[in-house]
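Asks: Working from the sequences, and respecting the hints, build out all of it.
So the sequence lines, in the order shown, correspond to chains V and F. Residues 1 to 303 in our numbering are what the first sequence spells out, letter by letter. Residues 304 to 623 in our numbering are what the second sequence spells out, letter by letter.
Each hint should be verified, as a subset may be incorrect.
For lysine to any residue, the following SDA-like pairs were computed, each having C-alpha atoms within a straight-line distance of at most 25 Å [as the list claims (entries may be wrong)]:
#: 1; chain 1: F; residue 1: K432; chain 2: V; residue 2: I221
#: 2; chain 1: V; residue 1: K86; chain 2: F; residue 2: L462
#: 3; chain 1: V; residue 1: K73; chain 2: F; residue 2: V459
#: 4; chain 1: F; residue 1: K428; chain 2: F; residue 2: T438
#: 5; chain 1: V; residue 1: K86; chain 2: V; residue 2: L262
#: 6; chain 1: F; residue 1: K432; chain 2: V; residue 2: A280
#: 7; chain 1: V; residue 1: K73; chain 2: V; residue 2: K86
#: 8; chain 1: V; residue 1: K86; chain 2: F; residue 2: F470
#: 9; chain 1: F; residue 1: K428; chain 2: V; residue 2: Q261
#: 10; chain 1: V; residue 1: K86; chain 2: F; residue 2: K463
#: 11; chain 1: V; residue 1: K73; chain 2: F; residue 2: L464
#: 12; chain 1: V; residue 1: K86; chain 2: V; residue 2: T60
#: 13; chain 1: V; residue 1: K73; chain 2: V; residue 2: L264
In case anyone wonders, no lab produced these hints; they're calculated from the structure. No experiment lies behind these values; they were computed from the predicted model shown.
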Amino acid sequence: MRDEHKGLGSSPKSLDGEVEGGRFFQSRFWRRYRRHRLALLGAAALFILVGIAVFAPLITSHDPLRVNMRDTKEPPNEVYVLGTDKAGRDMWARLAYASRISLSVGVVSVSIYIVIGTILGAIAGYYGGFTDSLIMRFTDTVMSFPGLIIIITVVSFVGPSIYNAMLVIGLLGWPGTCRLVRGQVLQLREMEFIEAARSMGTPAPRIILRHILPNVVPYLIVVATLGTASAILIEAGLSFLGLGVQPPTPSWGNMLNSARQLTLLEQFPHLWLPPGFMIAITVLSINFIGDGLRDALDPRMSL
Amino acid sequence: MSKYIIRRLVLAIPILFGITLIDFMLINLAPGDPIIAMIDPAAPIAPGELEVLRENLGLNQPFFVRYVIWLREAMQGNMGYSFVHSVPVMQRIQERLGPTLILTVSSLAISVLIGIPLGLISALKQYSKLDYALTLGAFAGISVPNFFLALAGIYVFALKLDILPPFGMVSLRSELPYTLDLLHHLLLPATVLGFANMASLMRFARTSLLEVLDQDYVTTARAKGLQQRRILSVHALRNALIPLITVLGLRLPGLFGGSVIIETIFNWPGIGKLAIDSITDRDYPQIMSLLLITAILVLAANLITDIFYAYADPRIRYAE
Numbered sequence: 001m002r003d004e005h006k007g008l009g010s011s012p013k014s015l016d017g018e019v020e021g022g023r024f025f026q027s028r029f030w031r032r033y034r035r036h037r038l039a040l041l042g043a044a045a046l047f048i049l050v051g052i053a054v055f056a057p058l059i060t061s062h063d064p065l066r067v068n069m070r071d072t073k074e075p076p077n078e079v080y081v082l083g084t085d086k087a088g089r090d091m092w093a094r095l096a097y098a099s100r101i102s103l104s105v106g107v108v109s110v111s112i113y114i115v116i117g118t119i120l121g122a123i124a125g126y127y128g129g130f131t132d133s134l135i136m137r138f139t140d141t142v143m144s145f146p147g148l149i150i151i152i153t154v155v156s157f158v159g160p161s162i163y164n165a166m167l168v169i170g171l172l173g174w175p176g177t178c179r180l181v182r183g184q185v186l187q188l189r190e191m192e193f194i195e196a197a198r199s200m201g202t203p204a205p206r207i208i209l210r211h212i213l214p215n216v217v218p219y220l221i222v223v224a225t226l227g228t229a230s231a232i233l234i235e236a237g238l239s240f241l242g243l244g245v246q247p248p249t250p251s252w253g254n255m256l257n258s259a260r261q262l263t264l265l266e267q268f269p270h271l272w273l274p275p276g277f278m279i280a281i282t283v284l285s286i287n288f289i290g291d292g293l294r295d296a297l298d299p300r301m302s303l
Numbered sequence: 304m305s306k307y308i309i310r311r312l313v314l315a316i317p318i319l320f321g322i323t324l325i326d327f328m329l330i331n332l333a334p335g336d337p338i339i340a341m342i343d344p345a346a347p348i349a350p351g352e353l354e355v356l357r358e359n360l361g362l363n364q365p366f367f368v369r370y371v372i373w374l375r376e377a378m379q380g381n382m383g384y385s386f387v388h389s390v391p392v393m394q395r396i397q398e399r400l401g402p403t404l405i406l407t408v409s410s411l412a413i414s415v416l417i418g419i420p421l422g423l424i425s426a427l428k429q430y431s432k433l434d435y436a437l438t439l440g441a442f443a444g445i446s447v448p449n450f451f452l453a454l455a456g457i458y459v460f461a462l463k464l465d466i467l468p469p470f471g472m473v474s475l476r477s478e479l480p481y482t483l484d485l486l487h488h489l490l491l492p493a494t495v496l497g498f499a500n501m502a503s504l505m506r507f508a509r510t511s512l513l514e515v516l517d518q519d520y521v522t523t524a525r526a527k528g529l530q531q532r533r534i535l536s537v538h539a540l541r542n543a544l545i546p547l548i549t550v551l552g553l554r555l556p557g558l559f560g561g562s563v564i565i566e567t568i569f570n571w572p573g574i575g576k577l578a579i580d581s582i583t584d585r586d587y588p589q590i591m592s593l594l595l596i597t598a599i600l601v602l603a604a605n606l607i608t609d610i611f612y613a614y615a616d617p618r619i620r621y622a623e
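Replies: Encoded structure:
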């Protein structure tokens with residue numbers, strides 16, 4: 001969260017010119033965001049989750065990968081706070097290390113598609129004409145891919161792994177961003193300050209980068225936040241199907257998968273409840289943050 | 304309008320070509336060999352045999368030749384034979400279509416019939432405790448992964464309370480008549496599959512009604528002294544429901560994706576499970592046919608949504 005705030009603060013154009021370096025807490029953005037109580041709660045929860053991910057080695061006392069066949073499927077106790085799994089590995093340690101995976105898959109895949117979508121959308125919107133129709137037809141094509149099914153197919157064919165999951169989600173996720181950016185650029189392109197820049201002989205790439213894109217940033221922030229939430233859900237789904245992160249590396253999705261048998265499900269809820277809750281809480285808090293950001297940045301934004 | 308529809312259909316053709324080409328490339332150029340996936344690793348097989356098998360399936364041809372042959376046949380309605388089961392791929396899809404339709408349509412019905420009314424109530428009681436609780440519930444609904452919801456549902460309703468079956472579509476031996484038995488099996492997977500849609504429809508219905516209630520014509524209706532009930536039934540509700548057509552239409556194809564996971568968990572004999580099985584078997588013709596059909600579904604859903612939208616809202620005029 002803190003990074004995001006800093007990023008916002010350093011681009012005054014996106015926020016009515018009120019936000020400046022040290023005065024973040026007086027900014028209009030912060031006043032609006034603060035009113036959204038669930039968004040505050042989400043920010044706090046995400047802060048803790050990031051803390052767990054970063055300091056995982058410090059806050060766990062067992063190796064998440066160490067198999068211990070004498071202590072399998074232990075319920076929560078003094079030695080193992082959340083118990084142990086089928087192979088006697090510490091559940092808490094696995095949960096904590098898995099948060100690294102989920103958060104990084106979310107951030108990396110969304111970064112990939114925001115970059116692709118922004119570049120293509122800006123080019124299509126600014127140049128128009130043939131370039132525009134070419135890019136938009138390509139966007140339509142990628143958009144018509146049947147979501148999860150194509151992701152599952154590709155990941156399974158190129159080989160299930162966390163990196164392939166990130167790449168596939170990133171490479172197939174950009175059409176929404178592209179359309180959004182194009183729409184915004186189409187509007188901005190006609191504005192007087194762009195015309196002024198153009199008449200002064202400013203080269204097109206500079207106009208796009210310095211004058212147009214800063215105005216699209218608030219939209220991108222919201223799209224990226226909500227996109228991260230859904231990317232985390234997709235990764236969890238892939239891992240649940242055995243197509244994402246491969247065991248023994250822990251991820252919330254594959255932890256749920258390994259507890260799928262009915263006997264385990266019935267007798268050892270500590271095997272599947274915690275990872276499920278972790279996914280839900282992570283995604284929920286990011287969605288809350290996205291909602292709060294949307295309201296705070298521009299209440300009229302309809303995303 | 305008909306001009307618009309024709310234009311859209313013409314535009315869809317290159318998109319479909321693009322999709323089949325990209326799909327074909329992804330499937331055929333990716334690592335993994337259907338021949339290797341097909342043979343039993345325990346049974347020894349002569350190297351020459353592998354080549355014969357490869358030739359029979361046409362896999363010895365260069366990539367582009369295979370694509371052109373596939374395309375030529377597909378345009379004549381021949382989607383090929385399953386590598387693994389040696390029956391026409393369309394036959395297997397037809398067998399699985401029924402169960403998937405039952406599952407997706409009922410999940411959609413659940414999400415519409417519960418989600419939209421809850422959203423409207425939430426908007427009418429804006430800022431009340433109920434509104435707050437429903438909003439929170441909707442956020443939870445879109446954030447909880449459906450496979451976790453499925454496991455929790457099985458745990459509570461099948462294993463602990465023992466009132467719903469944990470998986471399958473029908474029982475082997477059941478005292479109930481077939482339809483009731485099917486409904487009994489359907490309830491849990493359909494609800495789980497529909498849950499996220501229910502939550503987002505609720506959100507959209509709420510926002511939509513709030514926007515409409517803010518319009519000038521509603522203020523006018525109120526100013527001339529109409530009763531709240533009449534304002535809602537005549538002026539507000541119908542207009543508020545129009546944008547939901549788009550939301551619903553855009554979500555239809557996603558249901559098929561979602562049903563992949565749900566069908567796997569509940570062992571439901573539908574298209575989603577067929578997709579997973581064919582992917583594991585590297586059954587190229589089967590996967591291609593599934594991807595093509597889902598792509599057509601996506602495009603059709605988009606078009607139908609736009610047409611419906613124009614009918615429902617006379618202000619919308621598509622450029623001819």
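Asks: Which hint numbers doesn't this structure obey?
Replies: As far as the earlier hints go, 1, 9 are violated by this structure, in ascending order.
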